[in-house]
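**Q** Final position of the sequence shown in numbering that gives the first Met the number 0 is 386; the numbers increase by one with none missing.
Some clues are possibly wrong.
What the hints assert, rightly or not - With beta-carbon atoms standing in for the labels, derived distance ranges:
hint	residue 1	residue 2	range
1	Arg347	Gln201	35 to 45 angstroms
2	Gly298	Gln201	20 to 30 angstroms
3	His45	Ala161	33 to 43 angstroms
4	Thr39	Ala123	19 to 29 angstroms
5	Leu19	Lys132	41 to 51 angstroms
6	Ile282	Ala198	36 to 46 angstroms
Unchecked claim - Distance condition first, Cα-Cα at most 20 angstroms in a straight line; then the derived PhoX-like pairs of lysine-lysine:
hint	residue 1	residue 2
7	Lys40	Lys15
8	Lys104	Lys116
9	Lys231	Lys195
10	Lys104	Lys90
11	Lys104	Lys15
12	Lys104	Lys84
Note that these hints are calculated values from the structure, not bench results.
For each residue, glycine too, the CB sits at the ideal point set by N, CA and C.
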Amino acid sequence: MSERILIVDDDIDSLKLIGLMLQRHGYEVFAANAGAQALTKAASDHPDMIILDVMMPDMDGYEVCRRLRANPSTRAIPIIMFTAKTLVDDKVAGFEAGADDYLTKPTHPAELASRVKAILARSANQRRPTPPKGITVGFVGVKGGVGTTTLALNTAASLLMAGENPVLADFRLGLGSMGLMLGLDQAAGMATILGKPTAEIQPATIEHELASHNSGLRGLFSSATPREALIKYPLESAVAVANSMRALGQPAVFDLGCGYNALLNRLQLEMDQLVLVLDPIQISLIMARELLRELEGTGTGAGRIHVVIINHVHSSAQIPWNEVEQFLGRELRAIISDARDLASQAARAAMPMVMLQPNAIVSNQITKLSEDLNIRIRAMASSQLMT
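Based on the provided sequences and hints, a complete structural model is requested.
**A** This is the structure:
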């Protein structure tokens with residue numbers, strides 16, 4: 000659909016000449032030959048642009064411009080003042096009244112057409128809604144070996160099966176097992192990205208380093224090459240990765256490793272949701288309680304933290320879930336059954352458990368967790384659209 004331009008000038012010849020030129024460039028034009036008429040037409044017809052003369056008998060262009068800017072229904076319409084008044088003070092008065100551009104007569108038709116095109120393009124960009132940023136979900140274990148990576152991977156897989164578009168990120172340089180679980184042995188995109196200057200870490204740069212699994216899962220993975228752990232990078236580069244990943248999937252799912260460290264300290268506020276993973280033994284509970292205190296004390300709201308237990312210890316050593324809740328002073332978001340045999344099968348098949356055996360008990364538990372998280376993800380995404 001052609002852009003519609005209102006031309007305002009009390010000189011009929013000028014109206015015809017400007018209108019003809021704009022029509023030749025594909026614009027739809029309509030006219031007003033007085034200030035009051037211009038205000039009425041702008042409010043009723045909502046043009047994409049107004050070309051406004053200054054010298055008119057009933058109301059000068061400056062006043063017309065000020066009134067257009069004062070009216071909520073017309074204040075965003077771009078305005079070019081096109082007039083024979085050439086003094087610097089006249090131009091200043093035009094811009095102070097709210098004009099977007101100021102051209103003096105006579106001017107070459109090509110210049111007017113160029114100005115019109117540029118301002119319409121700028122206006123379109125300003126009107127274009129900013130796409131909502133993706134939601135980030137971080138997984139962190141209270142200690143190593145509790146199943147954090149397995150849970151993060153399978154939660155993302157469950158979200159993918161539900162029709163979402165998750166993207167994974169593994170920050171554990173030199174300890175990357177997430178890519179190995181998918182058979183992506185050579186994936187080392189995280190190290191490549193964190194080796195770049197922070198300013199170069201952008202969504203397009205990261206997208207080039209994403210590894211893809213035949214299930215449709217994508218991720219920025221760390222490798223298991225030990226020397227990768229020696230890579231030094233500024234924490235602002237990790238923040239740049241987290242923010243860039245928002246543009247690449249919904250949600251962006253992060254494996255943040257275990258325990259509280261400089262990385263988690265810096266990234267915790269970049270996580271919209273944070274899943275704390277533990278096993279139901281006394282040591283883990285004490286570590287979980289301390290980690291929760293630290294997270295909440297440094298800015299992560301309690302409502303954004305979700306505690307999940309993975310039962311991979313012998314039943315005789317497990318602390319009952321209700322005692323876990325009482326000890327931590329909060330409800331558990333999920334309890335995941337022991338599934339070491341299925342996890343081994345899934346690793347050999349290079350496939351997430353929830354995809355390999357979607358009807359298994361553990362798969363149903365992880366699916367329920369992902370559904371719960373997805374409700375929160377969608378609620379956050381909807382709130383972004385409303386703001």
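**Q** Is the hinted range of 41 to 51 angstroms satisfied by the C-beta distance from Leu19 to Lys132?
**A** holds, 46 angstroms
**Q** Just to be careful, I want the Cα atoms of Lys104 and Lys84 compared with a cutoff of 20 angstroms; is the pair within it?
**A** holds, 8 angstroms
**Q** Against the 20 angstroms threshold, does the CA-CA distance of Lys104 and Lys90 hold or violate the hint?
**A** holds, 13 angstroms
**Q** At the C-beta level, are Gly298 and Gln201 separated by a distance inside 20 to 30 angstroms?
**A** holds, 26 angstroms
**Q** Lys40 and Lys15: Cα distance at most 20 angstroms?
**A** holds, 18 angstroms
**Q** Check the following: the C-beta atoms of Arg347 and Gln201 are separated by a distance inside 35 to 45 angstroms.
**A** holds, 37 angstroms
**Q** Is Lys104 within 20 angstroms of Lys15, Cα to Cα?
**A** holds, 15 angstroms
**Q** When you check the alpha-carbon spacing of Lys231 and Lys195, does it fall within 20 angstroms?
**A** holds, 11 angstroms
**Q** Taking 19 to 29 angstroms as the stated bounds, is the beta-carbon spacing between Thr39 and Ala123 within them?
**A** holds, 25 angstroms
**Q** In this structure, is the beta-carbon distance linking His45 and Ala161 contained in 33 to 43 angstroms?
**A** Since His45 and Ala161 have Cβ atoms about 41 angstroms apart, the given range 33 to 43 angstroms holds.
**Q** Taking the beta carbons of Ile282 and Ala198, is their distance inside 36 to 46 angstroms?
**A** holds, 42 angstroms
**Q** Mind checking the alpha carbons of Lys104 and Lys116 for me, to see if they're no more than 20 angstroms apart?
**A** holds, 18 angstroms
Violated hints for the displayed structure: none, as all numbered hints are satisfied.
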